[in-house]
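Colleague: Protein chains in written order, with numbering that gives the first Met the number 0: chain R, 0 to 502; chain B, 0 to 239.
Among the clues, some could well be false.
[As the list claims (entries may be wrong)] Computed far set for chain B versus chain R, every beta-carbon distance over 12 Å:
| hint | residue |
| --- | --- |
| 1 | Phe47 |
| 2 | Gly49 |
| 3 | Thr62 |
| 4 | Leu84 |
| 5 | Ala96 |
| 6 | Val118 |
| 7 | Ala132 |
| 8 | Leu142 |
| 9 | Val154 |
| 10 | Ile163 |
| 11 | Pro167 |
| 12 | Leu171 |
| 13 | Ala183 |
| 14 | Phe186 |
[To be verified] In silico lysine to any residue, SDA-like type, Cα no more than 20 Å apart, as pairs:
| hint | chain 1 | residue 1 | chain 2 | residue 2 |
| --- | --- | --- | --- | --- |
| 15 | R | Lys496 | B | Arg25 |
| 16 | B | Lys45 | B | Ile104 |
| 17 | B | Lys113 | R | Asp97 |
| 18 | R | Lys487 | R | Lys499 |
| 19 | R | Lys311 | B | Val216 |
| 20 | R | Lys410 | R | Glu450 |
| 21 | R | Lys215 | B | Phe177 |
[What the hints assert, rightly or not] Taking CB as the label site, the calculated pair distances span:
| hint | chain 1 | residue 1 | chain 2 | residue 2 | range |
| --- | --- | --- | --- | --- | --- |
| 22 | R | Gln166 | B | Thr119 | 49 to 55 Å |
| 23 | R | Gly314 | B | Leu131 | 29 to 35 Å |
| 24 | R | Ala312 | B | Leu204 | 50 to 56 Å |
| 25 | B | Leu204 | R | Lys311 | 39 to 45 Å |
| 26 | B | Gln214 | R | Asn111 | 51 to 57 Å |
| 27 | R | Asp489 | B | Gly20 | 25 to 31 Å |
| 28 | B | Val13 | R | Lys496 | 24 to 30 Å |
| 29 | B | Thr119 | R | Lys311 | 54 to 60 Å |
No lab work stands behind these hints: they were computed from the structure. Cβ coordinates follow ideal geometry from the N, Cα and C atoms, glycine included.
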Amino acid sequence: MDVRAHMSMLFHLDKCIGCHTCSVACKNLWTDRKGAEYMWWNNVETRPGTGYPTGWEDQEHYRGGWEKNWLGIDLKVHTRTKALANLFYNPALPELDDYYEPFTFRYEDLFNAPEGKHQPTAIPISAVTEEPIDIKSGPNWDDDLSGSPIYAANDPNLEGVSEEVRQQMGEIERVVFNYLPRICNHCLNPACVAACPSGAIYKRGEDGVVLVNEDKCRAWRMCISACPYKKVYYNWSTGKSEKCILCFPRMETGQAPACAHSCVGRIRYMGVLLYDADLIQWAAEGSDEEMFDRQKEIILDPFDPAVIEAAKANGIDDGWIDSAQKSPIYKFVKVWNMAVPLHAEYRTLAMMYYIPPLSPVVSTIEEGLVRLDIAREQIDFELFNSLEKARLPIQYLANLFSGGNEEVIEKILRKMLAVRIYKRRESVEGVIDDATMAMVEAADTTPEEIEAIYRMTTLPTIADRFVFPPYHREMAAEAIFGDPLARKGDTGLGYTKPPKRGA
Amino acid sequence: MSWNTILFVVAPYVAIVLAVGGTMYRTRREAFSVSSLSTQLLEHRKLFWGSFAFHWGILAILTAHFLALIMPVIFDIWNGSQMRLFILEITGFALAAWALGGMLILIYRRLTSKRVQVVTTKMDVVVLVLVLAQIVTGMWIALGYRFGSFWGTNVFVPYVWSLITLRPRPELVAPLPFVLQLHASLFWAFLIAFPFSRLVHIVTLPLPYLVRPWQKVVWVRRDREFVAKEKKDRASAGIG
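Could you build all of it, start to finish, from the sequences and the hints given here?
Modeller: Put into structure tokens, the structure is as follows:
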């Protein structure tokens, strides 16, 4: 058992309101620079939809992630020799227009325009060429456009969803969608790391953050193709790859990443997960449907004495173990079994987790009409008992999260519904009847667990949502310089020159 | 000092020292600036036709030059028959033409794509001109001074070896035609430009990728502690 610690984030999609505050917080902090204008390390998509970059889930086109074969797994994008052959031209690289051409406005026109009859306007210009452009797309161009034949209908996750259900999903006034915020998944089996010919990308052992060493990056841009989530970006100005750094400078000082900290709906949680690095290979080699279960299995119980002992032997200190025990991610993923990674079938073992969204409150179950002929106390259970009729099809959610494994999603939705119905009955009716208790049992939960889930979902304080371990950077400084005060008063990060494009 | 000495003794040594020293300095101290500076994200259609043809063409040509340098005898034996000589010359010319075609597409791309122009530096233009001149003079020699693979191995290769063994014999190349001398001199210019331009990406050819493990994990503290301990041990043992 090779116990390692990982900083993970969890997105409670049932709470996401799609406000893009996370994206803007991240943009202002990290990618408001030349060459990075088009990058959104954090973005929010409307689902069903095609996302950003457009159609990123179409791996036959972009060739991201790992592929299972008779020997084990291989990168979908290339073999080692093919990587070298493709250095001069990477056939699976998205073009700028697959993201969007970044733009700004010529504001000085507002001041320089000669006096005239009409108000001057600031025309849109390309942030690359600075020439006037006709804005044709953006990072969230299909925002709230689910149901549209141009965007929603092209969502690859609709594969396997029957034509009838698809039509229902797109019906006017019954359109259904959810939001999907995405950052780098800081995978356990990252395809970007494996695909980098220069070996510039690495995973930090201490907390699992995947970073690009820009001094080693040579712009072979294989990482961009290999990442199935398209979360590595190429800075066209500096000629280096860049990606989400999980705000590690903030985490090291005990602050939540900017996206999580600014979240208006408070949908994001952060904490430590302990995992067994010896099992990564095994976990990545499961069949599509097995992927989710195997990934869950390599996450270890931080209360198990054997795990604690192995963790200590691996240099994980008490502070981190304590953090792992308090981790809200651990509770959601392993104790309550409510969280799934995004596209488990990509086999990169994504370490950011999602709680799938419940469908919008239903007023309709049978043939699109509410069944008013059934007793009021029965209405609650209608959806619970017929999840297959949920407006957001289980099949769709399973394609999005669990590699097509519908059972996983059904169990989670049942539990979420059980919490909702139980708490409503408790606060509205005041008594819990037998029917409710039977439902609780059918959802494989208990009143105690329901209470705990309810508290963590609706009433958590910032300290409940974000549990950060002590990073002990002072010890790292000591290890590097010998004297912990050696660099006191210095300006920081070790770069003395601006990151300028080479000649 | 005669032109012959300047161009074929002073220039090559200056160029080699600059190329080696400059490249070492840049890859170690200015590592951030070392990049292939790909523009594929900004424009990919023309790049496909241009980059692919240019790179593979020039790689083949350079390999042939290198092989002639290290084993000239093989070339002489091969060229023993006129038919084989023709095959070699025609193949070389075709490869150069392929590279030239790619080069022209790349130049056309630089001239027509606004997005690519945004990231084009003055040094990129210098590199383009140098490489273009090199290909053109090479093809000119192949056409105008035929059987280059004969005198190349018997006159030019001994001269290069004289440079390498630090006993320069510039008089060997003095009687060669002007274009040939130009082709050689341009190579020194190429070497001088090497560390100061994007050409430096050639030395970063990622061959270790063929054998390295897929995943890479870096332990900030563990690795640093290990290095610190190593240093301490070495210091106490009186090494380094």
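Colleague: Are the hints correct? Go through all of them and say.
Modeller: The hints, checked one at a time:
| no. | hint | in the structure |
| --- | --- | --- |
| 1 | Phe47 | violated, 5 Å |
| 2 | Gly49 | violated, 9 Å |
| 3 | Thr62 | holds, 15 Å |
| 4 | Leu84 | holds, 31 Å |
| 5 | Ala96 | holds, 18 Å |
| 6 | Val118 | violated, 6 Å |
| 7 | Ala132 | holds, 19 Å |
| 8 | Leu142 | holds, 27 Å |
| 9 | Val154 | holds, 34 Å |
| 10 | Ile163 | holds, 28 Å |
| 11 | Pro167 | holds, 31 Å |
| 12 | Leu171 | holds, 35 Å |
| 13 | Ala183 | holds, 25 Å |
| 14 | Phe186 | holds, 20 Å |
| 15 | Lys496/R / Arg25/B | holds, 14 Å |
| 16 | Lys45/B / Ile104/B | holds, 7 Å |
| 17 | Lys113/B / Asp97/R | holds, 18 Å |
| 18 | Lys487/R / Lys499/R | violated, 27 Å |
| 19 | Lys311/R / Val216/B | holds, 19 Å |
| 20 | Lys410/R / Glu450/R | holds, 18 Å |
| 21 | Lys215/R / Phe177/B | violated, 42 Å |
| 22 | Gln166/R / Thr119/B: 49 to 55 Å | holds, 51 Å |
| 23 | Gly314/R / Leu131/B: 29 to 35 Å | violated, 56 Å |
| 24 | Ala312/R / Leu204/B: 50 to 56 Å | violated, 41 Å |
| 25 | Leu204/B / Lys311/R: 39 to 45 Å | holds, 43 Å |
| 26 | Gln214/B / Asn111/R: 51 to 57 Å | holds, 55 Å |
| 27 | Asp489/R / Gly20/B: 25 to 31 Å | holds, 30 Å |
| 28 | Val13/B / Lys496/R: 24 to 30 Å | holds, 28 Å |
| 29 | Thr119/B / Lys311/R: 54 to 60 Å | holds, 56 Å |
Violated hints for the displayed structure, listed by number in ascending order: 1, 2, 6, 18, 21, 23 and 24.
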